[in-house]
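**Student:** The lines below spell out each chain.
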Amino acid sequence: MDTLMARINEPDNDEADLARQAIADIDAFAELYRRHLTRVYRYHVAHTGNPKDAEDLTSQTFIAALEGIRSFRGAGSFAAWLMGIASRKRLMFFRGKKPDIPLEEAAHYPSSDPPTDKAANRRLQLASVARALRQISPERAEALILTYFGGLSHAETGRVLNKTEAAVKMLVSRGLQDLRERTSLALEVE
Amino acid sequence: MMNEQFTNDDRDEDIARKLKDVAEQTQANVHFAAALEERLRDTRTQKTGPFTSRFRQISPAVRWVALMLLLGLVLSWSIRNLIPAPQPAADNTPGLPDILTPTPEGIDLTPTAAVPTENGYDWRGATLFLAAPLPDVPAEANVYRLTPDQPATAEEARFVAQRFGIDGDMYRAPGELPDTTSYMISDGRQRLYVRSRNYFTYYADYNANTLLLGARDLSEDDARTAIDSFLSARGFDFDYQIEKDEGIPGLYYAILLMPDGHPIHFDYNMPSRLQMTLGKDGQIISVDSSQIDYEMVGTYGVRSAEEAFQQVLGNPEVIQNGVLESSRSGGMLNESYWERSYPDDKTITIYGRVTSFDPVDPAKPPFVSINSYTATGNTPTASGDQLVEATGQFHTANGMRSFEVESWKLTDATETAVMGSLTREGNQTVLISDLGGKYVIADAPADVPLDTVPPDEQLMVGGFMANEDLVWTTIQYFPTGSNFGGGGGGGTGFHKLNLSGTAVPFSTPTAAPESNQTPAESPLVGKHLEKQRGTLTINIYKGEDGTQRPEFSFITQTQEMYLYATLENVSLEELLPYQNRPLDIWGTVETADAYGTAVISVDKFEAPYPGLAFQLIKGTQKNSEIDGNPVTLFTAEDGKTYVQMTRDNGLDSSIAGEVGDQVLVEALIIPDQTFGNYPVVQVFAIGLATNPMNGEPAPMTITADQPYVMDASLDPTTYVPPNSTIETVELVYYLPDPRYATPDTGAEPQYIQPAWRFAGHNSNGDVFEILVQALKEEYLLPELDTYTPPG
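Residue numbers (this note's numbering), protein chains in the order written: chain A, 398 to 587; chain B, 3 to 793.
Rather than coming from a laboratory, the hints here were simulated on the basis of the structure.
As the structure is a computational prediction, the values presented were derived from the model and not from experiment.
By construction, the Cβ of each residue, glycine as well, lies at the ideal position given by its N, Cα and C atoms.
Be careful, since some hints might not be right.
To be verified - Cut-off 35 Å, straight-line C-alpha distance, at most; resulting in silico cross-link-like pairs (DSBU-like, lysine-lysine):
id: 1; chain 1: B; residue 1: 620; chain 2: B; residue 2: 529
id: 2; chain 1: B; residue 1: 529; chain 2: A; residue 2: 560
id: 3; chain 1: B; residue 1: 620; chain 2: B; residue 2: 544
id: 4; chain 1: B; residue 1: 544; chain 2: B; residue 2: 498
id: 5; chain 1: B; residue 1: 246; chain 2: B; residue 2: 778
id: 6; chain 1: A; residue 1: 560; chain 2: B; residue 2: 22
To be verified - Residues from chain B shown here face chain A by an in silico Cβ test under 7 Å; the list is partial:
id: 7; residue: 24
id: 8; residue: 28
id: 9; residue: 528
id: 10; residue: 532
id: 11; residue: 648
Starting from the given sequences, assemble the full structure and let the hints guide the process.
**Tutor:** So this is what it looks like as structure tokens:
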């Protein structure tokens, strides 16, 4: 059996073919799932700030992708198509202005990791970034999250946001500037 | 593929690097990843038994329903949270607002009179029952200012350790907050992490409790006695009340009480607390402290519980301010867990992640762990986050257990979680994964459930995949009815406080934003279909009262379009003979529903193959390729070979079991349908012809010709939110959980303020909590405070 996490970051040059196979072949879809799980999860956790909501949204994103795999025409990258779904799922989710679930409440899946120290530090760093991203304009935050957490190129981010690559670069640049000037994130990198 | 850089300032590059670093540290939980993959496969496949390794393509309509159910839940959530509450009058009079939701007839809304009735209150499309009295008091409450937490010094950490009787060496651990240091103290058995005097985590026997599994059957009295005794013996003399967590076995809270006796609550239904897990022997196995320090600000008037309840009842004309809501479902009460145990004094090999802590005293060696086990011996190059294959022995001396490493090496093994069913083969326990893999589970616990039947039951084995072997570490079992859980919240947050002594007028209520839930558009609306061939699927939604609603789905694909639609102007009786079979229709796409699904008004239909029936066919499979497409060729016992397709005519390249295994398929063979010169077999269900567990023939029956009957609760068009019952109404002191607040020198002071807490259960078992800001309006600003989530 393939292990789950090993192949997440494989290159995507065959993904249009894989997506076509996935219409009829769940194994092909599973391959796409493994490749893109991390980017989708990271995207959602950056927005929500907590793993449980991120897991719910990640599930919804991939279920919707499975349902709609036929609509992927291969005009852009599969990653951009998938992150577009993730973005829509996230928008629906936040209509209710959900506050977050504390990270420690998300422990439905047992972990053999040491329960504190590094894991806690990672949680805190993530929480801090997620909080800072909520303090800048949503459009700039979305560009930053798609770029840095979703791992999309500026061109791919532009496809998701329906903007030009240059506009995305500007959003990212301004977003970074906002984070530096308007949030406490700068204190953490000095 | 990672992003290009586009920054104008070095400082921005630092921020960018920070984002990238945090992103790269973020990984989905491996168990979640496995469960979701399984769920996705289940969405496409239907299981007929534990020995069936790969199954038929499920109805797209069923998949659609699953999606719609999810959407329905999300929408319900959103709609609920957009429903607002009345605002106080503009003249600052803290009386009841003019606009109120109509209340049930016969219920008197004078204070304390809103008692529960059989009918309850119409509330968010369901019924709200009030099953607790609304308190008459207090009329006043205090406001406190949070004292910012200070990182512990080594001396303070040592003091906390002494409280727990830990006489061990001290080590530096990465702080929970950036650029801070926490301390870890261990005597080899007990372990303590100290961030500050208020925030620390204690483990009574770190090596023995990887998963911190709590007791399931403790009596309340026993738990209370154990907690009181534990805290008293360690000098914790604050006032507290004990509550049991509803979702996690053996987890209890000692909730801090303020001087006036009211408890402190953070966000998401979590109190300020000492959180304790009681083990199977009834003793405390872990303590997680999140206490606070504070100073008094003053005493202020609060609204009555009745006024707060009216705000809970809400009014759809205004946005709900001063309210925080949360709900939680699921929990771990039904699940069972097993951890792998290892013998003492016997050379074994384990896989795990190395953690190393530097000593405070430089003369001491670093403290090394492999997973949760204290590692000693040959650990010369220990550094954090390495995955190793370690050979050595466990030893126990003076109640302390450690793993003495003889040698270790970095490993290519990967952490994994495999879902499947355990069975016995001779004296071995074997995991047969849902994907057809077979793994020996060495030293399996004697009481793990065998021959579980997915998907009602789920069993997951976690561990490491090393050289095709599954080296297990944990087993989880989710019996029928288990709930993987979830949660959410709503409300718009609390107002900022105005403690200046001068009231600030509030504006008139703000209209709620329009819902985004408008029917989706479909570019196909108006399109006329002339003898359009597709596949019919019938779902029947069955209500508890026996009512049934048939839904007719039609899937068709041409070079121009792929269309999923529902059919109107047809009846169950006339279409039933064609379930899951080709159908030609004439009609017009009249509209699209809220989710964009086209709705076809049917003028006429014909069955292109009258009498076409499903068959059970035995045969073998092999992989092949036709015109560059991977396919599965199915050869029946009569020697005829087919190309396998899914029920909606997609190529199906999956294999059940291993290539060459004899399989049984529930299939439809449509005359004249070919692919690459092969006839086509549409596979609706597939399983091994022989049960691998007992060698017996595996039965299969034809079911694809029957409608899919589903509980009406799955019907997205008739989703009804659950009723809710308020079981507790109390005044609490609220502040956002300060545990994860990052240092911000310019931050405004955080206040601890009174709030009315309404807590209870929904009829689906979810726990909910609604916090209503209790200070009178004269002590509030119209501006909402920035809500800082605890995550």
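**Student:** Taking the hints in turn, state whether each one holds.
**Tutor:** We went through each hint and held it up to the structure:
Between residue 620 of chain B and residue 529 of chain B the CA atoms are separated by roughly 43 Å; this puts the pair beyond 35 Å, and the hint is violated. Distance restraint check for residue 529 of chain B and residue 560 of chain A: the Cα-Cα separation of roughly 32 Å lies within the 35 Å cut-off, and the hinted pair is therefore satisfied. Restraint check: the Cα-Cα separation between residue 620 of chain B and residue 544 of chain B comes to about 34 Å, which is no more than 35 Å; the hinted pair holds. The straight-line distance between the Cα atoms of residue 544 of chain B and residue 498 of chain B is roughly 49 Å, outside the 35 Å bound, and the hint therefore fails.
Among the hinted pairs, residue 246 of chain B with residue 778 of chain B is consistent with the structure: their alpha-carbon atoms are about 32 Å apart, no more than 35 Å. Distance hint between residue 560 of chain A and residue 22 of chain B is fulfilled; the C-alpha atoms sit about 22 Å from each other, no more than 35 Å. Annotation: interface hint on residue 24 of chain B holds; nearest CB of chain A at approximately 5 Å, less than 7 Å. A hinted interface residue such as residue 28 of chain B counts as satisfied when its beta carbon comes closer than 7 Å to some beta carbon of chain A; here the least separation is about 5 Å, so the hint holds.
About 20 Å separates the beta-carbon of residue 528 of chain B from the nearest beta-carbon of chain A, more than 7 Å, and the hint is not met. Restraint check, residue 532 of chain B versus chain A: the minimum CB separation of about 23 Å is more than 7 Å; hint violated. Proximity of residue 648 of chain B to chain A holds as hinted, the smallest CB-CB distance being about 5 Å (cut-off 7 Å).
Figure legend: structure checked against the earlier numbered hints; hints not met, in rising order: 1, 4, 9 and 10.
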